[in-house]
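Enquirer: Residues per chain are reported as follows:
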Amino acid sequence: MEIFLQQLVNGLTIGSIYALVALGYTMVYGVLKLINFAHGDLVALSAYIGLVILMQLAGVLSPALLILITFISTMVITAIGGIVLERAAYRPLRRAPRLSAVVSALGASMVIENGIMLIWGPMPKIYPASVVPNINFDLHGVYISLMQILVLVISLVLMVALYLFVNRTKLGTAMRACAIDQDAARLMGIDVDKVIVTTFVIGSALGAVGGLFIGMYYRGITFNMGWIYGLNAFVAAIIGGIGNIPGAMLGGMLLGIFNAFISGYISSSWSMALTYVLLIIIMIFRPTGILGERVAEKV
Amino acid sequence: MALLELDNVTKIFGGLVAVDSLSISIEKGMIYGIIGPNGAGKTTVFNCITGVYKPEKGKIIFKGKDITGLSPHKIANMGITRTFQTIRLFGEMSVAENIMSGRHSKSRQKWWHGIIHTPFYYKDEKENWLKVREYMELFGLTHLARMTAGSQPYGIQRKIEMARALATEPELLILDEPAAGLNDKERLELLETIRKIRGMGITILLIEHNMDLVMNITEYISVLNFGKKIAEGKPEEIQNNPVVIEAYLGKEDEDEF
Amino acid sequence: MMNTKNALYYGIFFLVLTVLPFFLTSNWISVMTTFLIYSVVSLSQDIVLGRAGMFDMGHAIFFGLGAYSTAILNMVYGWPIVATIPVAIILPIIASILLAAPIIHLRGDYLLVTTIGFNIVFTQALKNNVFGITGGPNGIFGVEPLKIFSITFASQKSIYFLALFILLLTLAIIHNLETSKPGRALHYLNLDSLASECIGINTRFYRLYAFALSAAIAGLAGVVFTLQFSAVSPGAFNFIQSVLFFTIVLVGGPSSIPGVLLGTFFMFVVPEMFRQFAEARYLVFGVAMILIMIWRPKGIWPVKFGRIPNYITKE
Chain A
1 MEIFLQQLVN
11 GLTIGSIYAL
21 VALGYTMVYG
31 VLKLINFAHG
41 DLVALSAYIG
51 LVILMQLAGV
61 LSPALLILIT
71 FISTMVITAI
81 GGIVLERAAY
91 RPLRRAPRLS
101 AVVSALGASM
111 VIENGIMLIW
121 GPMPKIYPAS
131 VVPNINFDLH
141 GVYISLMQIL
151 VLVISLVLMV
161 ALYLFVNRTK
171 LGTAMRACAI
181 DQDAARLMGI
191 DVDKVIVTTF
201 VIGSALGAVG
211 GLFIGMYYRG
221 ITFNMGWIYG
231 LNAFVAAIIG
241 GIGNIPGAML
251 GGMLLGIFNA
261 FISGYISSSW
271 SMALTYVLLI
281 IIMIFRPTGI
291 LGERVAEKV
Chain B
300 MALLELDNVT
310 KIFGGLVAVD
320 SLSISIEKGM
330 IYGIIGPNGA
340 GKTTVFNCIT
350 GVYKPEKGKI
360 IFKGKDITGL
370 SPHKIANMGI
380 TRTFQTIRLF
390 GEMSVAENIM
400 SGRHSKSRQK
410 WWHGIIHTPF
420 YYKDEKENWL
430 KVREYMELFG
440 LTHLARMTAG
450 SQPYGIQRKI
460 EMARALATEP
470 ELLILDEPAA
480 GLNDKERLEL
490 LETIRKIRGM
500 GITILLIEHN
510 MDLVMNITEY
520 ISVLNFGKKI
530 AEGKPEEIQN
540 NPVVIEAYLG
550 KEDEDEF
Chain C
557 MMNTKNALYY
567 GIFFLVLTVL
577 PFFLTSNWIS
587 VMTTFLIYSV
597 VSLSQDIVLG
607 RAGMFDMGHA
617 IFFGLGAYST
627 AILNMVYGWP
637 IVATIPVAII
647 LPIIASILLA
657 APIIHLRGDY
667 LLVTTIGFNI
677 VFTQALKNNV
687 FGITGGPNGI
697 FGVEPLKIFS
707 ITFASQKSIY
717 FLALFILLLT
727 LAIIHNLETS
737 KPGRALHYLN
747 LDSLASECIG
757 INTRFYRLYA
767 FALSAAIAGL
777 AGVVFTLQFS
787 AVSPGAFNFI
797 QSVLFFTIVL
807 VGGPSSIPGV
817 LLGTFFMFVV
827 PEMFRQFAEA
837 RYLVFGVAMI
847 LIMIWRPKGI
857 WPVKFGRIPN
867 YITKE
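Residue numbers (this note's numbering), protein chains in the order written: chain A, 1 to 299; chain B, 300 to 556; chain C, 557 to 871.
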């Protein structure tokens with residue numbers, strides 16, 4: 001039972017990170033119907049940027065302030081990265097065949113990945129050990145670290161904020177309108193470009209939080225980790241039903257827990273394969289994900 | 300025996316009854332019309348007949364065989380072909396290739412002819428392209444053979460779609476609002492074409508909003524409203540049927556037809 | 557219906573490829589051999605992706621199955637290479653049908669993700685040495701050369717010409733495909749699946765047909781790939797490789813034979829030319845991919861439809 005709960009805690013932590021990254025995929029997919037393959041690399045980039053900021057400011061600021069400043073500035077810089085990505089690689093292709101945009105996304109992913117490697121080199125970088133004080137709480141044999149609490153709490157707050165933004169604000173409503181029918185939204189006077197940019201800003205900023213968590217929680221970061229985390233997060237988005245925001249959160253959590261149990265009970269050398277077996281099974285039996293909607297073709 | 304028979308066909312979309320126990324019977328060689336206000340369920344009937352939708356209840360009998368719930372390609376291969384309300388051509392391909400697609404079920408090439416060309420392949424290929432030539436001539440499309448179908452004007456696209464449907468050599472041709480978007484001249488041409496098709500021994504079932512056309516060409520009409528058949532009969536009977544007039548003109552905010 | 561102009565172009569193309577190895581260093585012969593093999597795989601990927609319009613991002617599976625079939629049957633069971641070839645074609649066909657059948661109805665992006673999933677499971681299985689025959693992460697070394705009668709394909713040049721022969725064979729098959737009923741059916745169902753069904757095309761059958769045919773060709777390419785390196789390893793068939801084949805088709809021009817060949821050249825040979833720039837080249841390459849898609853969204857050499865026989869427009 002203790003192992004079970006321990007893996008559950010670990011799974012929820014990883015799952016929160018997946019969910020944060022998955023939101024970026026799902027939001028862009030919702031609005032543009034495009035798999036933003038560069039998103040994972042943007043997340044990796046944010047982990048590097050965060051590390052630079054941390055190293056610059058370490059010792060100058062108190063730990064709490066250091067973390068706050070690092071998060072905010074990394075989110076801002078990554079969001080700008082998202083805007084540039086949209087401008088350069090996606091906007092010129094908005095009327096092109098869908099697959100052209102996929103190739104452009106793959107190209108952008110290569111640019112970011114290799115850009116990171118050129119700047120920071122091919123060897124892994126290590127986050128400092130005690131950005132978040134290494135405190136563990138013992139709950140009847142189940143350990144939960146301060147870092148894990150931080151991940152869970154911040155993720156939860158951000159997700160609730162996003163949910164409120166999408167469902168309660170004018171811009172959020174515009175976003176949902178664009179997801180359903182972009183042309184109709186434009187005719188209703190919605191500034192579609194603005195909505196798309198907002199989507200990239202929010203998705204990238206959330207991804208940046210995910211990237212920072214990866215750095216702080218796992219500590220080792222590599223230039224090509226965007227693919228692995230990106231793919232897992234993307235699978236999470238699909239499992240939940242791509243384009244569906246609560247779906248991405250749910251998918252992320254489920255995938256995190258699933259991964260943790262596989263690593264805990266079976267073997268980590270099969271964990272990635274089993275993740276995809278899960279994906280394939282869900283695709284076969286529920287092709288639009290758990291919370292996804294069926295779209296009927298009008299004849 | 301009727302060529303096509305619908306027996307109490309019912310189609311429900313999430314609680315909404317789109318077609319409500321509809322029974323119609325179409326004799327071989329006739330031009331049969333289905334009319335009704337917007338949203339009456341006409342296209343849904345077509346989708347049930349052609350296998351796009353599976354009806355919840357009822358039976359569809361074609362040439363004495365139950366075809367209810369069969370997949371569209373099976374139904375097409377049995378001799379029912381349709382056109383679409385919103386034209387659905389293979390837009391990037393040429394006009395000739397579009398019509399050639401209609402030859403798919405009549406061509407007797409097997410899967411291995413996609414890998415190895417046998418003498419039979421050359422014979423079959425030529426036969427079918429010559430058929431395409433025939434249908435292009437019938438619709439006056441020969442000079443457009445190499446042009447991209449999607450970039451043709453609307454009226455031409457309707458012709459291509461009809462030529463493609465005819466190229467399957469159907470026994471029953473289903474036309475979903477064939478006159479939609481056509482100008483007067485094109486509409487007259489269409490009347491001519493439909494008569495010509497009937498002259499080839501093909502039974503025609505059509506949905507149309509244009510009353511002139513329907514009254515002019517069909518021999519028998521069923522009127523649908525809210526998925527139910529409210530009247531049937533010869534065009535002149537329908538024209539004077541008070542129930543029909545009410546369905547169409549009863550409410551003041553209804554569109555003109 | 558290949559017209560004389562096209563026949564001339566293909567003639568020149570093959571002439572150049574035939575004399576090329578006599579002017580190249582051994583390193584470049586190796587690059588060009590791989591180019592030929594990748595061209596075959598990309599052309600087979602194009603059958604599924606370009607022609608039938610299914611977003612298959614796991615094509616390296618079939619390539620790898622062919623390569624591993626030959627390596628395993630030769631090294632573990634001692635079969636001569638010739639005898640492994642039919643297996644290396646049939647096994648990918650069976651796998652493609654088994655994998656594709658349950659997912660073939662999925663909408664574009666879902667299919668893409670599922671095929672990525674298959675590919676990841678496939679390479680992880682190879683790495684984990686399933687059934688103890690795949691050799692784990694290092695793969696299998698020391699595969700024998702191909703012997704047909706008394707000819708042994710051991711030298712670099714002989715394998716180059718073997719690859720060239722396979723490419724020629726593939727081009728012949730694809731030419732036959734695109735001028736036949738099954739080949740046209742793929743285009744129809746790609747452009748409008750419902751309209752295709754309603755004129756009598758069994759879209760499900762032809763989708764599986766596309767997968768099976770392309771898997772067979774990719775499997776055959778896998779055999780030559782194994783022979784080129786006398787070895788196989790999981791890394792050559794991971795999903796990044798699938799991404800490469802996928803991209804080649806789209807950058808070159810889906811459904812366009814010259815497009816796919818150009819795409820392979822651009823995506824595989826050109827980076828080799830800029831090897832001295834080591835790390836920076838892929839960055840530039842990513843930029844180039846974006847720019848090509850912006851300038852030529854339908855690929856460098858887009859497909860042209862309308863190749864119809866002349867006799868149907870003449871009196």
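Watch out, some of these pointers could steer you wrong.
[To be verified] DSSO-like mimics (lysine-lysine), calculated; alpha carbons at most 27 Å apart, straight line:
no. : chain 1 : residue 1 : chain 2 : residue 2
1   : C       : Lys860    : B       : Lys430
2   : B       : Lys495    : B       : Lys358
3   : C       : Lys703    : B       : Lys422
4   : C       : Lys860    : C       : Lys561
5   : C       : Lys860    : B       : Lys425
6   : C       : Lys870    : B       : Lys495
7   : C       : Lys854    : B       : Lys425
8   : B       : Lys373    : B       : Lys358
9   : B       : Lys430    : C       : Lys703
10  : B       : Lys353    : C       : Lys703
11  : B       : Lys405    : B       : Lys356
12  : B       : Lys353    : B       : Lys430
13  : B       : Lys422    : B       : Lys373
14  : C       : Lys561    : B       : Lys405
15  : C       : Lys854    : B       : Lys422
16  : C       : Lys854    : B       : Lys405
17  : B       : Lys405    : C       : Lys713
18  : C       : Lys854    : B       : Lys409
19  : C       : Lys703    : A       : Lys33
[Said to hold, decoys possible] Not the full set, but computed from the structure, chain C residues with beta-carbon under 8 Å of chain B:
no. : residue
20  : Ile755
21  : Thr759
22  : Ile850
23  : Arg852
24  : Ile856
[What the hints assert, rightly or not] Covered stretches of chain B, going by a simulated chain C footprint (3 or more residues, C-beta under 8 Å):
no. : segment
25  : 325-334
26  : 340-348
27  : 485-494
28  : 504-517
No lab work stands behind these hints, which were simulated from the structure alone. Here a beta-carbon is modelled for each residue, glycine too, at the ideal position from N, C-alpha and C.
Enquirer: Hints first: check each against the structure and report whether it holds.
Expert: Do the hints match the structure? See the list:
Of the supplied pair hints, the one linking C:Lys860 and B:Lys430 holds, its CA atoms being roughly 23 Å apart against a limit of 27 Å. With a C-alpha separation of about 31 Å, the suggested pair B:Lys495 and B:Lys358 falls outside the 27 Å cut-off, and the hint is violated. Straight-line distance between C-alpha atoms of C:Lys703 and B:Lys422 comes to about 39 Å, which puts the hinted pair past the 27 Å bound. Restraint check for C:Lys860 and C:Lys561: satisfied, since their Cα atoms lie roughly 15 Å apart, inside the 27 Å limit.
The suggested pairing of C:Lys860 with B:Lys425 holds, with an alpha-carbon distance near 21 Å, which does not exceed 27 Å. About 24 Å separates the Cα atoms of C:Lys870 and B:Lys495, which keeps this hinted pair within 27 Å; it holds. Taken as a hint, the C:Lys854 and B:Lys425 pair is broken in the structure, with Cα atoms around 31 Å apart against an allowance of 27 Å. With a C-alpha separation of about 16 Å, the suggested pair B:Lys373 and B:Lys358 falls inside the 27 Å cut-off, and the hint holds.
Between the alpha carbons of B:Lys430 and C:Lys703 the distance comes to roughly 49 Å, so the proposed pair goes past 27 Å and is violated. Proximity of B:Lys353 to C:Lys703 is assessed by CA-CA distance (about 57 Å); at most 27 Å being required, the pair is judged violated. The suggested pairing of B:Lys405 with B:Lys356 is violated, with an alpha-carbon distance near 32 Å, which exceeds 27 Å. For the suggested pair B:Lys353 and B:Lys430, the alpha carbons sit about 33 Å apart, so the restraint of at most 27 Å is broken.
Pair hint B:Lys422 plus B:Lys373 holds up; C-alpha atoms about 25 Å apart against a cutoff of 27 Å. This hinted pair does not check out: C:Lys561 and B:Lys405 have alpha carbons roughly 32 Å apart, beyond 27 Å. Distance check on the hinted pair: C:Lys854 and B:Lys422 sit about 34 Å apart at the alpha-carbon level, beyond 27 Å; violated. Note on C:Lys854 and B:Lys405: the hinted pairing is violated, with a Cα-Cα distance of about 33 Å set against a maximum of 27 Å.
Straight-line distance between C-alpha atoms of B:Lys405 and C:Lys713 comes to about 48 Å, which puts the hinted pair past the 27 Å bound. Pair hint C:Lys854 plus B:Lys409 does not hold up; C-alpha atoms about 31 Å apart against a cutoff of 27 Å. For a cut-off of 27 Å, the pair hint linking C:Lys703 to A:Lys33 is broken: about 51 Å separates their Cα positions. At about 5 Å, the closest approach between the beta carbon of C:Ile755 and any beta carbon in chain B falls short of 8 Å, and the interface hint on this residue holds.
At its closest, the beta carbon of C:Thr759 sits 7 Å from a beta carbon of chain B; the interface hint therefore holds under the 8 Å criterion. A least Cβ separation of about 20 Å between C:Ile850 and chain B goes past the 8 Å threshold, and the interface hint is therefore violated. Evaluation of the C:Arg852 hint against chain B yields a violated restraint, the C-beta minimum of about 16 Å exceeding 8 Å. Among the interface hints, the one on C:Ile856 is violated; its C-beta lies about 18 Å from the nearest C-beta in chain B, farther than the 8 Å criterion.
Coverage of the segment 325-334 of chain B by chain C is violated. Counting CB-CB distances below 8 Å, 0 residues qualify, and the rule asks for three or more. Figure legend: the segment 340-348 of chain B, annotated as covered by chain C; annotation inconsistent (0 residues with Cβ-Cβ distances under 8 Å, at least 3 required). Evaluation of the coverage hint for the segment 485-494 of chain B: breached, as 0 residues show C-beta separations to chain C shorter than 8 Å, against a requirement of three. Counting residues of the segment 504-517 of chain B whose CB lies closer than 8 Å to any CB of chain C gives 0, which falls below the minimum of 3, so the coverage claim is violated.
Violated hints, listed in ascending order, are 2, 3, 7, 9, 10, 11, 12, 14, 15, 16, 17, 18, 19, 22, 23, 24, 25, 26, 27, 28; each of the other numbered hints is respected by the structure.
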